[in-house]
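Student: Under this note's numbering, the first residue of the sequence shown carries the number 1, and numbering increases by one thereafter.
These are computed hints drawn from the structure, not numbers from a lab. On a predicted model such as this, the values are computed, not experimentally measured, just so you know. Note that beta-carbon positions come from the ideal geometry of N, C-alpha and C, so glycine has one too. Incorrect hints may appear among the rest.
Here are the simulated DMTMM-like pairs of lysine to aspartate or glutamate, each with C-alpha atoms no more than 25 Å apart in a straight line [what the hints assert, rightly or not]:
#: 1; residue 1: K87; residue 2: D126
#: 2; residue 1: K91; residue 2: D74
#: 3; residue 1: K147; residue 2: D126
#: 4; residue 1: K55; residue 2: D82
#: 5; residue 1: K55; residue 2: E24
#: 6; residue 1: K68; residue 2: D53
#: 7; residue 1: K89; residue 2: E22
#: 8; residue 1: K49; residue 2: E13
#: 9; residue 1: K70; residue 2: D108
#: 10; residue 1: K55; residue 2: E39
#: 11; residue 1: K70; residue 2: E90
#: 12; residue 1: K140; residue 2: D128
#: 13; residue 1: K140; residue 2: D82
FRET-style restraints, in silico, Cβ to Cβ [as the list claims (entries may be wrong)]:
#: 14; residue 1: Q36; residue 2: F4; range: 36 to 44 Å
#: 15; residue 1: K89; residue 2: A130; range: 22 to 30 Å
#: 16; residue 1: T88; residue 2: E31; range: 17 to 25 Å
#: 17; residue 1: N5; residue 2: K91; range: 23 to 31 Å
#: 18; residue 1: A130; residue 2: I29; range: 13 to 21 Å
#: 19; residue 1: Y121; residue 2: E24; range: 18 to 26 Å
#: 20; residue 1: D53; residue 2: K146; range: 41 to 49 Å
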Amino acid sequence: MLTFNNRGLLIPENIIPSTLEEFEIEFAINEDKRSQLFEQYKLYCHSLKAVCDNKPITQWIDGSYVTKSKNPSDIDLVFFLDHETVKTKEKELKQFIYPQSMALYGIDAYIIVIYPHNNKYAYHTDADKAYWIDHFGNTKPNRSRKKIPKGFLEIII
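Given these sequences and hints, build the entire structure.
Tutor: Here it is as structure tokens:
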């Protein structure tokens with residue numbers, strides 16, 4: 001079961017491992033917009049998995065959808081793929097990355113390319129992870145320019 005603070009944000013303020021089932025039970029509740037977004041998310045995941053030869057894919061999920069917000073506008077996520085898959089499936093993957101992902105699925109999605117530790121581009125993976133942990137792990141600045149720490153989900157599809 002997921003836990004929220006009094007602002008409706010996920011806690012603890014960290015990456016929170018979850019499952020697709022828990023994600024659905026907690027967030028695809030009896031609100032038309034949330035249910036519709038979840039159906040689009042399932043279609044997105046099904047299509048992405050098909051392009052990636054049904055390999056397991058790790059996603060970090062954030063945004064208003066994973067809060068107690070009444071009217072989320074989309075689902076924000078990043079997904080991780082190995083550099084070889086990204087290289088060989090580059091054209092097919094474009095539909096799963098913003099802005100195409102938003103137009104087709106209502107998903108604000110980005111990719112983190114996973115390079116092996118001995119690859120000269122491995123630092124890109126580390127830098128991208130650090131960026132998204134900071135971005136997803138805090139709210140946007142409030143009027144006082146303060147960011148509030150929060151959690152976000154990690155799901156393997």
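Student: Next step is simple, just say for each hint if it's right about the structure.
Tutor: Okay, the hints, checked on the actual structure:
no. : hint                    : result
1   : K87 to D126             : 19 Å, holds
2   : K91 to D74              : 24 Å, holds
3   : K147 to D126            : 23 Å, holds
4   : K55 to D82              : 10 Å, holds
5   : K55 to E24              : 21 Å, holds
6   : K68 to D53              : 34 Å, violated
7   : K89 to E22              : 30 Å, violated
8   : K49 to E13              : 29 Å, violated
9   : K70 to D108             : 18 Å, holds
10  : K55 to E39              : 21 Å, holds
11  : K70 to E90              : 36 Å, violated
12  : K140 to D128            : 18 Å, holds
13  : K140 to D82             : 29 Å, violated
14  : Q36 to F4: 36 to 44 Å   : 22 Å, violated
15  : K89 to A130: 22 to 30 Å : 25 Å, holds
16  : T88 to E31: 17 to 25 Å  : 39 Å, violated
17  : N5 to K91: 23 to 31 Å   : 42 Å, violated
18  : A130 to I29: 13 to 21 Å : 33 Å, violated
19  : Y121 to E24: 18 to 26 Å : 35 Å, violated
20  : D53 to K146: 41 to 49 Å : 44 Å, holds
Checked against the numbered hints above, the structure violates hints 6, 7, 8, 11, 13, 14, 16, 17, 18, 19; every other hint is satisfied.
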